[in-house]
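**Student:** Turn these sequences into a full structure, and let the hints guide you.
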Amino acid sequence: MTSWQRSDLDGLVEIAEPPEGMIQIQLEEVGRHSWKSALFGAVMSAGGGPVYRFVAAAPGGEHAEVEHAGSSDRFPLVPFQDLDDDTDDKWTHLARQRLEELDAELVRAGWHRRPDQGKHWWSLRYEW
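Quick note: the sequence shown uses our numbering, first residue 195, plus one each step.
There could be a bad hint or two in this list.
[To be verified] Mimicking SDA-like on lysine to any residue, the simulated pairs with C-alpha atoms at most 20 Å apart in a straight line are:
hint: 1; residue 1: Lys-313; residue 2: Asp-276
hint: 2; residue 1: Lys-284; residue 2: Glu-223
hint: 3; residue 1: Lys-284; residue 2: Val-301
hint: 4; residue 1: Lys-284; residue 2: Trp-315
hint: 5; residue 1: Lys-313; residue 2: Phe-274
hint: 6; residue 1: Lys-284; residue 2: Pro-273
hint: 7; residue 1: Lys-284; residue 2: His-257
hint: 8; residue 1: Lys-284; residue 2: Gly-254
hint: 9; residue 1: Lys-284; residue 2: Leu-221
hint: 10; residue 1: Lys-313; residue 2: Leu-293
hint: 11; residue 1: Lys-313; residue 2: Val-260
hint: 12; residue 1: Lys-313; residue 2: Gly-243
hint: 13; residue 1: Lys-313; residue 2: Asp-297
hint: 14; residue 1: Lys-313; residue 2: Glu-294
hint: 15; residue 1: Lys-284; residue 2: Ala-303
hint: 16; residue 1: Lys-284; residue 2: Asp-267
If you are wondering where the hints come from, they were derived from the structure by calculation, not from laboratory data. All values reported here derive from a predicted model rather than from experimental measurement.
**Tutor:** Next comes the structure, spelled out in structure tokens:
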């Protein structure tokens, strides 16, 4: 199996084997896997909403950071914002931009986007 690269929360790159099977883009609050990122999220969200990112991992259930096939840059959300609402504002525009960047990163790494997707507009699915 071919090796691939992924970035962790600190921007470091490591070589690893890709997860087997399908992966799906998921929305994750920053700090879920790292106290440093949780602190960063708390500081960045002062006066704004919580800080999130998209991660690519096996669909459903809990997963560890090492199981991410990739992750997007962070972006804030307005508290209690419904991302499934099609209203285009600066927050959803930035979220869509982050999704496009992660999609391009996954495709460059060798993942193939599937025609189906999960429950949300960001729930894109890929196979190796």
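**Student:** Each hint: holds or not?
**Tutor:** Against the structure, the hints:
| no. | hint | verdict |
| --- | --- | --- |
| 1 | Lys-313 <-> Asp-276 | holds (14 Å) |
| 2 | Lys-284 <-> Glu-223 | holds (18 Å) |
| 3 | Lys-284 <-> Val-301 | violated (26 Å) |
| 4 | Lys-284 <-> Trp-315 | holds (17 Å) |
| 5 | Lys-313 <-> Phe-274 | holds (19 Å) |
| 6 | Lys-284 <-> Pro-273 | holds (14 Å) |
| 7 | Lys-284 <-> His-257 | violated (30 Å) |
| 8 | Lys-284 <-> Gly-254 | violated (28 Å) |
| 9 | Lys-284 <-> Leu-221 | holds (17 Å) |
| 10 | Lys-313 <-> Leu-293 | holds (15 Å) |
| 11 | Lys-313 <-> Val-260 | violated (24 Å) |
| 12 | Lys-313 <-> Gly-243 | violated (23 Å) |
| 13 | Lys-313 <-> Asp-297 | holds (17 Å) |
| 14 | Lys-313 <-> Glu-294 | holds (18 Å) |
| 15 | Lys-284 <-> Ala-303 | violated (29 Å) |
| 16 | Lys-284 <-> Asp-267 | holds (16 Å) |
Going through the hint list in order, the structure does not satisfy hints 3, 7, 8, 11, 12 and 15.
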